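Enquirer: Sequence:
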Amino acid sequence: AATKLASAEKLMYFCTDQLGLEQDFEQKQMPDGKLPVDGFLLCVDVSRGMNRNFDEQLKFVSNLYNQLAKTKKPVVVVLTKCDEGVERYIRDAHAFALGKKNLQVVETSARSNVNVDLAFSTLVQLVDKSRGKAKIIPYFEALKQQSQQIAAAKDKYEWLVSRIVKSHHEAWPNVSRKMQPAPEYQDYVYLEGTQKAKKLFLQHVQRLKQEHIERRRKVYLALLPQALDALVPDLDEIDHLSRAKAEKLLEAKPDFLKWFVVLEETPWDATSHVDNVDNERIPFDLLETPAAEQLYEAHLEKLRNERKRAEMRRAFRENLETSPFVTPGKPWEEARSFIMNEDFYLWLEESVYMDIYGKHQKQLIDKAKEDFQELLLEYSELFYELELDAKPSKEKMGVIQEVLGEEQRFKALQKLQAERDALILKHIHFVYHPTKETCPSCAACVDARVEQLLGSRFIRHHRNPLADSNVDRINLVILGKDGLARELANEIRALCTNDDKYVIEGKMYELALRPIEGNVRLPVNAFQTPTFQPHGCLCLYNSKESLSYVVESIEKSRESTVGRRDGHLAQLPLTLILVNKRGGGDAGGETLQSLIQQGQQIASKLQCVFLDPASAGIGYGRNINEKQIGQVLKGLLDAKRNLNLVVGSTPGLKDASDGADLRVVMCLMCGDPVSADEVLLPILQAQPCRPAPGGGAAV
639 AATKLASAEK LMYFCTDQLG LEQDFEQKQM PDGKLPVDGF LLCVDVSRGM NRNFDEQLKF
699 VSNLYNQLAK TKKPVVVVLT KCDEGVERYI RDAHAFALGK KNLQVVETSA RSNVNVDLAF
759 STLVQLVDKS RGKAKIIPYF EALKQQSQQI AAAKDKYEWL VSRIVKSHHE AWPNVSRKMQ
819 PAPEYQDYVY LEGTQKAKKL FLQHVQRLKQ EHIERRRKVY LALLPQALDA LVPDLDEIDH
879 LSRAKAEKLL EAKPDFLKWF VVLEETPWDA TSHVDNVDNE RIPFDLLETP AAEQLYEAHL
939 EKLRNERKRA EMRRAFRENL ETSPFVTPGK PWEEARSFIM NEDFYLWLEE SVYMDIYGKH
999 QKQLIDKAKE DFQELLLEYS ELFYELELDA KPSKEKMGVI QEVLGEEQRF KALQKLQAER
1059 DALILKHIHF VYHPTKETCP SCAACVDARV EQLLGSRFIR HHRNPLADSN VDRINLVILG
1119 KDGLARELAN EIRALCTNDD KYVIEGKMYE LALRPIEGNV RLPVNAFQTP TFQPHGCLCL
1179 YNSKESLSYV VESIEKSRES TVGRRDGHLA QLPLTLILVN KRGGGDAGGE TLQSLIQQGQ
1239 QIASKLQCVF LDPASAGIGY GRNINEKQIG QVLKGLLDAK RNLNLVVGST PGLKDASDGA
1299 DLRVVMCLMC GDPVSADEVL LPILQAQPCR PAPGGGAAV
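Here the sequence shown is numbered in this note's numbering, starting from 639 and rising by one per residue.
Since the hints were made in silico from the structure, they are not lab data.
Treat the hints with caution; some may be incorrect.
[What the hints assert, rightly or not] In silico BS3-like cross-links for lysine-lysine, where the CA-CA straight-line distance does not exceed 25 Å:
#, residue 1, residue 2
1, Lys767, Lys708
2, Lys836, Lys816
3, Lys794, Lys837
4, Lys856, Lys896
5, Lys642, Lys767
[What the hints assert, rightly or not] Quick list of simulated restraints, FRET-style, between CB atoms:
#, residue 1, residue 2, range
6, Lys816, Leu736, 48 to 58 Å
7, Arg955, Gln864, 49 to 59 Å
8, Leu736, Glu779, 17 to 27 Å
9, Ser1242, Lys896, 52 to 62 Å
10, Arg845, Arg952, 47 to 57 Å
11, Ala707, Ser814, 48 to 58 Å
12, Asp1276, Lys1243, 21 to 31 Å
13, Ile1142, Gly996, 24 to 34 Å
Note that the coordinates shown come from a computational prediction; the quantities given were computed from them, not determined experimentally.
Don't be surprised by glycine CBs; every beta carbon is placed ideally from N, CA and C.
Work out the full structure, taking the sequences as your base and the hints as a guide.
Expert: The following block contains the structure:
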């Protein structure tokens, strides 16, 4: 309680840490050894102390205060450790101060840095009355203000850290140097200290590391289903295995190291592998995690579901094959109720069943049409009395249907009457025009098959047919869809003699016509065959659609000859002709003019001759006349005479020095080339050169 102290040349102590370590701190000596005391802070510990009775402590404080009061110096009671304060102790201390005159109490916490400055500023105000009176704030209210201030400073500091620190590899010394000039760093360190600032930095770095690990984990887990699909796609291989055995099976796979990496140290997220972003292989110990286990179970479930769906598809097909309710042409809507059950709906969408049903229907319809064609061949006598090229009357069609009506093969197409009638008409056309083009067997026709075998088996000595010195024969392709080619072919044949001869400029020529109306990439519709080498082509159209067909067919034909030795089709003379629309009637002038303009444009593109009704002086309603046909054929003859002879060579065959065609004998059973003796002898003996397929009779 002394107010005048003397301690000459003594060190000033600021904290107890100086004791014994004086050299480590700033050393200040008391000025001239004299120190007057202007006021007192009377500190009262309000925390719960060990072996300490607060009542005894308060009694000691009371006695001490009595001594201080005698000095007439200002006194402020400071309650310390309020962050651990006992409510009764604080209340008793305030009661003690109330009993004294003008004795002020400040609640503090040095640990939380609450009201420490306030305690000193309150005493200073009592010493120096000229200073403004300090407002004394209760501990909890001051703590709240302090917390808000610290929270605001912390937010700013964390923002600063997040802006500067982008990698989890950053170190505190380097980062702290970068942040020192920033006010956000300075304010927070002033309030909370450097250690807490470092702690927040370390938390941020740890958060960055965890985020990086999580990103890598997601990459690995996203890749895991692909790895399982590649290594163990078969359910039977893993369905019965435990997890441990399944992992052993994975390690034994040849491509295991393509998908996985086995690390010497584990877990994977504590190794350097986590930072090796160029290596995306999955750490094998990741399979032990719950997320990977779920993906493995999902893989198993997927394989089981795929097998079940495959079983459902197979069961559905079997149901279709055995159901008497599924007949050719029956719509899905009619058949669904007879062939579907609840299990089917559980596993697959209806669209999948509709697709399977559609494919099954196609097979049924194709088989029914094939059987119906056989039926028509069996009843050939029904078609003998029809007129050549004439469509059968309703009465005759009725007779045909009545005769065939009791046959099951006829009834099988009951829901496809239009297609059945079309098959009858097609059969009638075949009866009177039995060619490979009209053959109901299509590509399986023996004539077409022989041409294919010849074309694929032999490289023949050949001259360019367009340059043949024998100009007594003209081979003409007529190209046009929807019956245009056949109609013009019939008109030209009508102008020929009975033996298909045609007179041009007083000379007789043999005229061979090949009408084409389908896809020219099919052998049956090819411009050129082993027995037919075209000298020219008439391209017919009467609409935009038929003109498009002509252009596409010419382009396809030219594409097919690119790189071939017999590429003369690329220079095949063409004539584009606008013909009449069937059904009679004059088309509108605007439509006719449009078709003519389009034809002229296409002719210019194809570099060919264009004929239209106006150029011939005939009306739109008639086909080209005899004069035009003669002009076209004469142009083809001139083109033939101007082409050079092209001679090839055939390895393994004797050259024909006299220029005669080589004639090759080929077995129709196997397609192998044979000598004349090898063919004639089996024929004379009525035996095939080799057994027929399946042990049946030889053809």
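Enquirer: Give a verdict on every hint.
Expert: Structure-based check of all given hints:
1. Lys767 with Lys708: holds (20 Å)
2. Lys836 with Lys816: The given pair, whose Cα atoms are some 13 Å apart, holds under the 25 Å limit.
3. Lys794 with Lys837: Satisfied, since the Cα-Cα distance of roughly 15 Å is no more than 25 Å.
4. Lys856 with Lys896: holds (18 Å)
5. Lys642 with Lys767: Given that 25 Å is the threshold and the Cα spacing comes to 21 Å, the pair holds.
6. Lys816 with Leu736: 48 to 58 Å: holds (54 Å)
7. Arg955 with Gln864: 49 to 59 Å: Violated, since Arg955 and Gln864 (Cβ atoms, about 31 Å apart) do not stay within the stated range.
8. Leu736 with Glu779: 17 to 27 Å: For Glu779 against Leu736, whose Cβ atoms are near 20 Å apart, the range 17 to 27 Å holds.
9. Ser1242 with Lys896: 52 to 62 Å: Since Ser1242 and Lys896 have Cβ atoms about 59 Å apart, the given range 52 to 62 Å holds.
10. Arg845 with Arg952: 47 to 57 Å: holds (54 Å)
11. Ala707 with Ser814: 48 to 58 Å: Roughly 50 Å apart at Cβ, these two residues keep to the hinted range, so it holds.
12. Asp1276 with Lys1243: 21 to 31 Å: 23 Å Cβ-Cβ, so the 21 to 31 Å window holds.
13. Ile1142 with Gly996: 24 to 34 Å: The hinted range 24 to 34 Å is violated for Ile1142 and Gly996, with Cβ atoms some 54 Å apart.
Going through the hint list in order, the structure does not satisfy hints 7, 13.
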